[in-house]
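J.: Sequence:
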Amino acid sequence: MQLLGLYLGDGCLSAHPRGVFKLRISLDACYPGVMEECEDAMREVMPRSRLNRVSYCTWFELYSYSKSWPCLFPQHGPGKKHDRPIRLTAWQWRLVSKRPDRLLRGLLHSDGCRFRNTGRGGWSHPRYSFDNKSLDIRVIFCAACELLGLHWTTSANRTIYVSRKDDVALLDLFVGPKR
Numbered sequence: 001m002q003l004l005g006l007y008l009g010d011g012c013l014s015a016h017p018r019g020v021f022k023l024r025i026s027l028d029a030c031y032p033g034v035m036e037e038c039e040d041a042m043r044e045v046m047p048r049s050r051l052n053r054v055s056y057c058t059w060f061e062l063y064s065y066s067k068s069w070p071c072l073f074p075q076h077g078p079g080k081k082h083d084r085p086i087r088l089t090a091w092q093w094r095l096v097s098k099r100p101d102r103l104l105r106g107l108l109h110s111d112g113c114r115f116r117n118t119g120r121g122g123w124s125h126p127r128y129s130f131d132n133k134s135l136d137i138r139v140i141f142c143a144a145c146e147l148l149g150l151h152w153t154t155s156a157n158r159t160i161y162v163s164r165k166d167d168v169a170l171l172d173l174f175v176g177p178k179r
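Each residue of the sequence shown is one higher than the one before, counting from 1 in the working numbering.
Don't read these hints as lab results, they were simulated from the structure.
Since the model is a prediction, treat every value here as computed from it, not as a measurement.
Ideal Cβ positions, reconstructed from N, Cα and C, are used throughout, including at glycine.
A couple of the hints might just be wrong.
Unchecked claim - Here are the simulated lysine-lysine pairs, DSS-like style, with alpha carbons at most 27 Å apart:
#1 K81 - K133
#2 K165 - K81
#3 K165 - K80
#4 K178 - K133
#5 K165 - K178
#6 K178 - K22
#7 K22 - K133
#8 K165 - K98
#9 K22 - K165
#10 K22 - K81
#11 K22 - K80
#12 K80 - K133
#13 K67 - K80
#14 K22 - K67
#15 K81 - K67
#16 K81 - K98
Said to hold, decoys possible - Quick list of simulated restraints, FRET-style, between CB atoms:
#17 K67 - S124: 49 to 55 Å
#18 G77 - L173: 32 to 38 Å
#19 R50 - C142: 34 to 40 Å
#20 S68 - S124: 43 to 49 Å
#21 D166 - G77: 53 to 59 Å
#22 C113 - R50: 28 to 34 Å
#23 T154 - S97: 19 to 25 Å
#24 E61 - C142: 26 to 32 Å
#25 T89 - D166: 30 to 36 Å
#26 G122 - G77: 30 to 36 Å
Between the sequences and the hints, there should be enough to build the whole structure, so can you do that?
T.: Shown next as structure tokens:
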């Protein structure tokens, strides 16, 4: 499920000759721990496919070729994810319902962050935010939060927050700060 979250956030599939697809996930070079987890997830899901890494100035691209990627990520389609419908299949929802924490970890590692929220009077406590252009992906994020009983709020734009101390503490158990 973590790989699904990373794919929905910062991944894409592209077609290549003979029915082969390339899964690419773009990752910030500042977080080598996230990159290692992504590599582990890709190897776990597709152990026979060679995993490759390309380094750019401030980010890395992890990629792997397989004919099976579209079966695992049926959300693949033409154009940008935020310009087309993104729906999880019934079998994906069954897996998410068993481990929503893994999906949230992938989504937050790709398009989320943990930061200190401050306010008048000098109070300060950690908070999570998730931001994605796709309304459908934001709905998936919120549904996964609800499966764990996490309260979420949204701002006027497309950012979703998990701010309650108990909810942040729960997310800290399986997400925590990016490393």
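J.: Each hint should be assessed against the structure and marked as holding or not.
T.: Checked hints:
Of the supplied pair hints, the one linking K81 and K133 holds, its CA atoms being roughly 8 Å apart against a limit of 27 Å. For the proposed pair K165 and K81, the alpha carbon gap of about 32 Å is over 27 Å, so the pair is violated. Restraint check: the Cα-Cα separation between K165 and K80 comes to about 35 Å, which exceeds 27 Å; the hinted pair is violated. For the proposed pair K178 and K133, the alpha carbon gap of about 21 Å is at most 27 Å, so the pair holds.
Taking the CA atoms of K165 and K178, the gap is near 19 Å; set against the 27 Å cutoff, the hint holds. Distance check on the hinted pair: K178 and K22 sit about 26 Å apart at the alpha-carbon level, within 27 Å; holds. Straight-line distance between C-alpha atoms of K22 and K133 comes to about 23 Å, which keeps the hinted pair within the 27 Å bound. Among the hinted pairs, K165 with K98 is consistent with the structure: their alpha-carbon atoms are about 24 Å apart, no more than 27 Å.
Restraint check for K22 and K165: not satisfied, since their Cα atoms lie roughly 40 Å apart, outside the 27 Å limit. Of the supplied pair hints, the one linking K22 and K81 holds, its CA atoms being roughly 16 Å apart against a limit of 27 Å. Restraint check for K22 and K80: satisfied, since their Cα atoms lie roughly 16 Å apart, inside the 27 Å limit. The suggested pairing of K80 with K133 holds, with an alpha-carbon distance near 10 Å, which does not exceed 27 Å.
Between K67 and K80, the direct Cα distance comes to roughly 21 Å. Compliance with the 27 Å bound is thereby established for this hinted pair. This hinted pair checks out: K22 and K67 have alpha carbons roughly 8 Å apart, not beyond 27 Å. Among the hinted pairs, K81 with K67 is consistent with the structure: their alpha-carbon atoms are about 21 Å apart, no more than 27 Å. For the hint pairing K81 with K98, the CA-to-CA distance comes to about 25 Å; that is within 27 Å, so the pair holds.
A C-beta distance of roughly 50 Å is found between K67 and S124, which places it inside the suggested range of 49 to 55 Å. Checking the proposed 32 to 38 Å range against G77 and L173 shows it holds: the Cβ atoms sit about 34 Å from each other. Checked against the hint of 34 to 40 Å, the C-beta distance between R50 and C142 comes to roughly 36 Å, which is consistent with it. Taking 43 to 49 Å as the suggested C-beta distance range, the pair S68 and S124 conforms, at roughly 46 Å.
Between D166 and G77 the Cβ separation comes to about 38 Å, which falls outside the hinted range of 53 to 59 Å. Judged by the Cβ atoms, the range 28 to 34 Å given for C113 and R50 holds: they are separated by roughly 31 Å. Between T154 and S97 the beta carbons are some 23 Å apart, a value that agrees with the proposed interval 19 to 25 Å. Between E61 and C142 the CB atoms are about 28 Å apart, so this pair conforms to the stated range of 26 to 32 Å.
For T89 paired with D166, a C-beta distance near 32 Å keeps the hint of 30 to 36 Å intact. Separated by about 48 Å at the C-beta atoms, G122 and G77 break the suggested range of 30 to 36 Å.
In terms of the numbered hints stated before, the structure departs from hints 2, 3, 9, 21, 26, listed from lowest to highest.
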